[in-house]
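Using the hints provided, position chain B relative to the given structure of chain A.
Chains as they are written, first to last, in the UniProt record's numbering: chain A, 1 to 98; chain B, 1 to 543.
In short, the hints are calculated from the structure, not lab data. Just so it is clear, CB atoms sit at the ideal spot from N, CA and C, and this is done for glycine as well. You may find that some hints are simply not true.
What the hints assert, rightly or not - Here are some chain B residues pointing at chain A (derived, C-beta under 8 Å):
hint, residue
1, 29
2, 30
3, 31
4, 47
5, 99
6, 412
7, 413
8, 414
9, 424
10, 469
11, 472
Now for the letters of each chain:
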Amino acid sequence: MKILTGNDLPTGDVIWWAGDGWSRQIAEAVDVGDMGDDLARREEAARHVVGAYVIDATPTDDGPRPAHIKDRIRALGPTVRPDLTLKPADPEAGQWVI
Amino acid sequence: MYRYDQYDQSIVEARVAEFRDQTARRLSGALTEDQFKPLRLTNGLYLQLHAYMLRVAIPYGTLSGRQMRMLAHIARKYDRDYGHFTTRQNIQYNWIKLEDAPDILAELATVEMHAIQTSGNCIRNISSDQYAGVSADEVADPRPWAELLRQWSSFHPEFSYLPRKFKIAVIASPEDRAAMRLHDIGIELVQRDGVVGARVFAGGGMGRTPMVAPEIRDFVPESDLISYVEAALRVYNRYGRRDNKYKARIKILVHELGADEYRRQVEEEFAAMKQLGLDPPTAELDRIRGYFADPAYESGLPDSVDRSDPAFALWIDQNVKAHKQPGYAIVNISLKPAGGIPGDASSAQIDLVADLAERYSMDELRVTHAQNLVLPYVRKADLFAIWQALDDVGLAEANLDLISDIIACPGLDYCSLANARSITVAQKIANRFADPARQRDLGELKLKISGCINACGHHHAGHIGILGVDRKGVENYQLSLGGSGAEDASLGAITGPGFDENGIVDAVEKVTDIYVRERTAGERFLDTYRRIGMKPFKEALYG
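If we strip away everything but chain A, and leave its shape as in the complex, we get:
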């Protein structure tokens, strides 16, 4: 599947296209098919996102899992600071990255 990501313009937070808007949770990301580039242009022009780009991901029961480790770290947070990730209470969360 293809999913669309970028950063929220005013805060810089990592965000994912969730179908009807942006989410900070990759689990809510949806397959954008071949519409990713058009969506990215539209949303950047509307200042909803900055630096938007399309990535490959695999659908799983827990939601999309990016194909590349860099995007998995973007999605979760720094592996060396579990307290700053999206799942600070989950000691196993880092395994998702590897």
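Here is chain B on its own, set in the frame of chain A:
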């Protein structure tokens, strides 16, 4: 310390106002990202892996307690309660909001700080020796020269759009503690017939094409320094490549022209420039020197230290260095606790170090290119109190220049350019060698890790260097041996095929085992490597 005059202050405040307006226009849509990006980068604001990242300049790594306290305040108020000290003697914040950036810059300006020229193809923060002004082996204090260069290079209209970024280091000791010859221009102050001048090197650097800078002038008189450096920049600005960013640094130009031809062109430009009388009057350097005069040292202080506490004695032996003034010492604060993140400090730790600087170090501290901190003016009688205070906040690690004192870039955990994580490898190696006795037995061993070929972690200059690469989406680590950023500067050689994350830790252990087996009395790891060569290490690694 240097203090801003009215011009410095007004320039910085004007820049804050300008950036506030630019940010508002970006948020309102009046500026596109393509238009805004070079403006934010000029103010040190990157868009990194997780958020905006702000890099704040710390000129030649020197700070007052008040400035340090501001860095803690920013970490606490605008970031996630910590900052990351870098190999450029700066600090980076990893979780900045664009909408907060103008306020942060305004707060920095109140303590004579900014983020100007911490990014972009301009002359970056001038770096220097963290022991400047307090080391017995220096011929002069390099800070006034670094400050003069800072003023000259700030907003220099001719050098705001260089082919690529440009880094200058100034040292004044035979012992190079600033990786001077791995800079675009390296300046070593030397003495000739009782007169101090500059020995100038050009074309050094790391990155994908590492080079040790050749000497291009053995002596530039103090009165000609700015003209000479300007001439060196002009030749680069004129002929440095702009068609390929990977060949745009001055090291490529110097290498392709050859040092002799580059030198000839610089001399020609220098001769023409001297006629113009552009150098600042000697009185200006003297005025700047006034800010760096020795503090009011106390005389008659005891030199002896009570070493009855073994942990304190260990810290003294490893982290405390000789001071030029009797009764005083230089304290190195390691930001490399076992298993920690190299260069990171919490706001509470930053505040504590600010307190210590104010109370015990004449209100001054330094940041080192090895991502540690220094209290430069400490009475030996105060060492125990400082050590206790540091120990209370986890900053009393006695590992300066040992294998766990690792330089590591932020790597893939934070950096959008990185190919592999650096910090995790640093943590695993530090944990593997956590035994203080084992570390001390290995002696001076500078291990440096970069998460990509840009080499922010200085891996080329590591006695042991590690470079993270992306091998079909999987992190892989190349090992190199024999690099040095010191006065015996050299570039490491790659051992062979890379390793996975656990394998690289084992590989480091194997090469240290070979060192222990082969060393002769007094030899550092680097000395042994240089004597016996790569072969025994390769055999141990690859069979």
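We went through each hint and held it up to the structure:
A least Cβ separation of about 5 Å between residue 29 of chain B and chain A falls short of the 8 Å threshold, and the interface hint therefore holds. Taken as an interface hint, residue 30 of chain B does not check out: its beta carbon lies about 11 Å from the nearest beta carbon of chain A, beyond 8 Å. For residue 31 of chain B, the suggested interface contact is broken, since its CB lies about 10 Å from the closest CB of chain A, more than 8 Å. A distance limit of 8 Å between C-beta atoms decides the matter here; for residue 47 of chain B the minimum to chain A is near 6 Å, and the interface restraint holds.
At about 5 Å, the closest approach between the beta carbon of residue 99 of chain B and any beta carbon in chain A falls short of 8 Å, and the interface hint on this residue holds. This hint holds: residue 412 of chain B has a C-beta 6 Å from the nearest C-beta of chain A, less than the 8 Å allowed. Restraint check, residue 413 of chain B versus chain A: the minimum CB separation of about 4 Å is within 8 Å; hint holds. Satisfaction of the interface hint for residue 414 of chain B is found here, the shortest Cβ-Cβ separation to chain A being roughly 6 Å, below the 8 Å cut-off.
Nearest Cβ of chain A to the Cβ of residue 424 of chain B: about 6 Å, under the 8 Å cut. The hint holds. Violation of the interface hint for residue 469 of chain B is found here, the shortest Cβ-Cβ separation to chain A being roughly 12 Å, above the 8 Å cut-off. Because the closest C-beta pair between residue 472 of chain B and chain A is about 10 Å apart, greater than 8 Å, the hint is violated.
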